[in-house]
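A.B. asks: Residue strings, one per chain:
There are 4 protein chains.
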Amino acid sequence: MADSDDKQQPKMTSSFWFDEEVTADHSMRMRMTSLKYDKHSQFQRVQVVETVPFGTTLVLDGKTQSAKNDEYVYHETLVHPALLLHEAPKRIYIGGGGELATARECLKHKSVEEVVMVDLDGDVVDVCKKHLPEWNDGSTEDPRLTVHIGDARSYLVEGSDTFDVVVLDISDPIEAGPAVHLYTKEFYDLVRQKLNPGGVLVTQSGPAGLMNHTECFGAIHKTLAASFRTVVPYSVSIPSFGSDWGFNVATDRGDITSKSLREKPPDATDAAISGRIRGPLRHYDGGTHLCMFNLIKAVRDGVEAEDRVITEANPVFMY
Amino acid sequence: MADSDDKQQPKMTSSFWFDEEVTADHSMRMRMTSLKYDKHSQFQRVQVVETVPFGTTLVLDGKTQSAKNDEYVYHETLVHPALLLHEAPKRIYIGGGGELATARECLKHKSVEEVVMVDLDGDVVDVCKKHLPEWNDGSTEDPRLTVHIGDARSYLVEGSDTFDVVVLDISDPIEAGPAVHLYTKEFYDLVRQKLNPGGVLVTQSGPAGLMNHTECFGAIHKTLAASFRTVVPYSVSIPSFGSDWGFNVATDRGDITSKSLREKPPDATDAAISGRIRGPLRHYDGGTHLCMFNLIKAVRDGVEAEDRVITEANPVFMY
Amino acid sequence: MADSDDKQQPKMTSSFWFDEEVTADHSMRMRMTSLKYDKHSQFQRVQVVETVPFGTTLVLDGKTQSAKNDEYVYHETLVHPALLLHEAPKRIYIGGGGELATARECLKHKSVEEVVMVDLDGDVVDVCKKHLPEWNDGSTEDPRLTVHIGDARSYLVEGSDTFDVVVLDISDPIEAGPAVHLYTKEFYDLVRQKLNPGGVLVTQSGPAGLMNHTECFGAIHKTLAASFRTVVPYSVSIPSFGSDWGFNVATDRGDITSKSLREKPPDATDAAISGRIRGPLRHYDGGTHLCMFNLIKAVRDGVEAEDRVITEANPVFMY
Amino acid sequence: MADSDDKQQPKMTSSFWFDEEVTADHSMRMRMTSLKYDKHSQFQRVQVVETVPFGTTLVLDGKTQSAKNDEYVYHETLVHPALLLHEAPKRIYIGGGGELATARECLKHKSVEEVVMVDLDGDVVDVCKKHLPEWNDGSTEDPRLTVHIGDARSYLVEGSDTFDVVVLDISDPIEAGPAVHLYTKEFYDLVRQKLNPGGVLVTQSGPAGLMNHTECFGAIHKTLAASFRTVVPYSVSIPSFGSDWGFNVATDRGDITSKSLREKPPDATDAAISGRIRGPLRHYDGGTHLCMFNLIKAVRDGVEAEDRVITEANPVFMY
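Residue numbers (UniProt numbering), protein chains in the order written: chain A, 1 to 319; chain B, 1 to 319; chain C, 1 to 319; chain D, 1 to 319.
It should be emphasised that the hints constitute simulated quantities derived from the structure, not laboratory data.
Check the hints yourself; a few may be wrong.
Chain copies aren't distinguished; within one or between two, either way the pair holds.
Claimed, not checked - Result set (EDC-like, lysine to aspartate or glutamate): computed pairs, CA atoms no more than 20 Å apart in a straight line:
#1 Lys39 x Asp25
#2 Lys39 x Asp121
#3 Lys36 x Asp25
#4 Lys110 x Glu87
#5 Lys36 x Glu50
#6 Lys259 x Asp270
#7 Lys39 x Glu50
#8 Lys185 x Asp307
#9 Lys68 x Asp25
#10 Lys36 x Asp19
#11 Lys108 x Glu87
Please construct the entire structure, taking both the sequences and the accompanying hints into account.
C.D. replies: Below is the structure:
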């Protein structure tokens, strides 16, 4: 662009584009500079594409999972509110998390002694280690982290471990996608049994924008609310997803309410961060917390009005 | 889609798309069903397109101004925080506002006695009246509204009127666009002289997302801050714009601070709305207020770090 | 482009596109300036779109039928070789032909006394008359032309008329499209009975390019060859179709061979044109004839190797 | 597509596309499966992309040069008519030809004793050898071929060699592109001096379709006609180029005329091929020859009407 002899460059009349559908009638077009990896693993199609606006991007079954330029927004948003809700989390369970960036954020918490991560797809974990090493940022060297390849549900069923916080960093509930069973009441009941007293669950919960929050964000909220005493929805804009994105944090603790989270004084959040988290955060702080936990009216009303509870017998799929 | 004889329909292998660039490397594609109007006015290219995701959409010089399905988010966000900041606004000045939807929102305030709107482009006003009558929702019948076609700056310079609130609902500061002079310190100084004591100015302020807030959002904030005692930036996600969008509200009152707006109790906002505004709002309420006035850290830091003040001699243009 | 004050124009960052699929993996994108008509008729979706590269374009069920800038290539190619193959055609039957441009070309032949056109869809005929009057170029005023709205097959079955040349200007054989029954051996046998001695049939025959000639071009050829003594395939590049396009001319005359058509001296074609056709042609002449009747080896071999004969029981559909 | 468990696959909602502009208002979109190579060489941007419709494709400065699925059409069309025009060519000069496929075709001629190829860009030659080995098909092992990296013009100027046929397989004359000097009268005069008596020059000559033949096809023809006694234009449809493509063959021999080439009996071409060329050809034969040398009227008239002669002082650029 700033090339001094720009006039000497021939006009490029071709170009490569990564098109991602929001719906069949709406998509994002991102100029791409390379397609670094494109293979079918045992479970899904795994692609690593580099785009101009968002940098290196992991795409699973055609959906952007994380992009270099804004993955920190997603991963800080998923991890820190939940871990700070807990008094002093020691043992963390991550379901999914193949990019290893969720582990990276968990390991920043001084109280954390052990992180167990179970991702279904070893190829995804390997691809991320190789092509996106800055995403785990050395987490894999941290002796507190154990990575298992396998089914996140079976690991919980078969083991006797319990945890302080369970973080679900899994693909969207797409029909025939590998993660569809991890958004059901049956699964949330299982997680509840595996949480220590005072434990917290957080899950990514699909799109939460004005036009697309009805796909699954509310249904996941209501399903969690059928298992847990308190469930609080929140959202953040993720530019590479082309939408605001939803999360739900759930606990059986009685001293936490939606109202307390929605009106939490920024100073209190900032103090907790500086006391309990090593190193600076790029996204989450007291102001960001208020932005994320106060949904706009249309989305708030939509979540409230939702009446679907997702079960194995009555699944909900997003686009 | 739900057509019962769907199998009988031939596959459509062609399609019509409205592509809007976010940058040269990133765009949104929206399926369109008609192009209802497409002419050059004296000042700009005026198009009315209908898209599947966003409905009827006004496009000026290639940029979406308002779309049926989410225009209420934009217009409520522009108008209500500013008018509620004022104690009891009687006289409102709207610079721009061709869709007449900004006038519609102003007229909902019980205290308002007169709304003067000055838009440069009579064709835009006519097109909106004809093709988008639901946007003004009868405002043009309200005797409190006067619409002038002309330059928003000249009207203020030449007249002796003063106002309680000035709402700037104008095109983005694109190079050679008609509105570029309405984002300068010179113009803000003029507005300040035309405000009654306790008066408030609010202006749309361009994109305010993680990736694009540096285009002009911060510069407009800093320019206002060079004229006014208190200036508070805020933002909201507008899906048809493909981005979070920025606004700045400015006043010389000493009792208003950023902190007071960022931590305003939702009940206080809700009470003001129900006391001072006729009819239900679809978007703005106490929770939405907190969401909008608490910027995420990266944008907040970006606004703070900005050092450009826009003047006639040193203009700033967005993409 | 050559605008002298080009620097003053704001950059247009949005645009409207007509995308037409060649296959699911390959499409053409044409910048569009308006969508003039878009309705479902009783039989199909009828659209009139204006594009920069090809001008006003008729689109039926998602497929370009004719575009202003190159419709003459299609219509001259369909009509003149067949009519010149006949010694002195007086009575012409057009199946389809809604644009009225096929009639226009037939009426240029001095020998022609009557043209009967039967198109299924009255809306298409009306839309073309209204939006594309230059396509019929006054044909509808010519007393030799009669237009019936109805099924091209039923008209032949039910009437007792016979014709010198039958021109089939119908939609492609798309599954569930209205024209699929007009590409079968059963229909060709019917046409053969309705031809006077020395009669000629010509039909548009789908894409005939290197990559897509196997869709239906060869199958239509072989189906005709199961009914008629001599069938000669030919093709021409139609830019707005994004492909070379195929035609087949068929007759029971014994003095016409593929070889005679493929090696016809240009002067002979040019002499026939100037003797028998009123007014200048824009596309068809002796050189164009050789270009069109000499297929490239891959397509010629593909047609020869084809073994499908299309019947009501064994239909063939193109993409 | 035919995957038996197709129902089990999640819907892919993202996709990768190679868009190639025909003009700013018209482009082709091809689904791509990988971007195998993308670097700036010393002279141009070199990309190897794999698309579904056309296979592995070499792209230089944003323009498709050759694609696996139809490169044989381009290379046979460039080489065989010219070499068969010569009585018994022994020494061939290839200007450009980086894919090595032009050399491959030349080496099929039994009379050929030496092929000298001079391509500016060693990176292109290396990339093609590595990523597209089937394109040279072993040519590089043939002792008759010598490949020099350097400027095709300088090689001729500085050497004393003369040739029977000169084949110009070079990039289009794009402004600032590396090949622009190889389309001038000055260069053609040089080639003429380097041809042995009875020698033949052939050059690719840009797009030659109905809508784009005026870009440079005619101008290259007229420029050659200012140097050579006989110049014959011809064209062929190259699907991966999205257009008919033009070529010009030139000679000072008096016994060759446009008419003789346009009406050449197919048997004569077929006999020459079988007598003089080793192995079967996929594209060029007697019928294909007539197709290619008989331009459609609009293009023929356009070439005739052209009055530009390209010189160093008066260059012509295509889009």
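A.B. asks: At most 20 Å between CA atoms: does that hold for Lys39 and Glu50 within a copy, between copies, both, or neither?
C.D. replies: Classified as both: same-chain Cα gap 16 Å, cross-chain 14 Å, threshold 20 Å.
A.B. asks: How do Lys68 and Asp25 come out at 20 Å by Cα distance, when the copy is not named: within, between, both, or neither?
C.D. replies: between (27 Å within a copy, 16 Å between copies)
A.B. asks: For Lys110 and Glu87, with the copy left unspecified, which applies at a CA distance of at most 20 Å: within, between, both, or neither?
C.D. replies: within (12 Å within a copy, 48 Å between copies)
A.B. asks: Between copies, within a copy, both or neither: which fits Lys259 and Asp270 at Cα up to 20 Å?
C.D. replies: both (18 Å within a copy, 15 Å between copies)
A.B. asks: Between Lys185 and Asp307, at a C-alpha cutoff of 20 Å, which is it: within one copy, between copies, both, or neither?
C.D. replies: within (13 Å within a copy, 51 Å between copies)
A.B. asks: Indicate which option fits the pair Lys39, Asp121 if close means a Cα-Cα distance not exceeding 20 Å: within, between, both or neither.
C.D. replies: within (12 Å within a copy, 32 Å between copies)
A.B. asks: Indicate which option fits the pair Lys39, Asp25 if close means a Cα-Cα distance not exceeding 20 Å: within, between, both or neither.
C.D. replies: Between copies only: 19 Å across, 27 Å inside.
A.B. asks: Please sort Lys36 with Asp19 into within, between, both or neither, judging by C-alpha distance up to 20 Å.
C.D. replies: both (16 Å within a copy, 19 Å between copies)
A.B. asks: I want to check one pair: Lys36 and Glu50. Are their C-alpha atoms no more than 20 Å apart within a copy, between two copies, both, or neither?
C.D. replies: Result: close both inside a copy and across copies, 7 Å intra and 13 Å inter.
A.B. asks: Measure nothing new, just compare the shortest in-copy and cross-copy C-alpha distances for Lys108 and Glu87 to 20 Å and report within, between, both or neither.
C.D. replies: So Lys108 and Glu87 pass the 20 Å test inside one copy only (15 Å; across, 47 Å).
A.B. asks: Treating 20 Å as the Cα threshold, decide for Lys36 and Asp25: within, between, both or neither.
C.D. replies: between (28 Å within a copy, 19 Å between copies)
In this structure, every one of the numbered hints holds.
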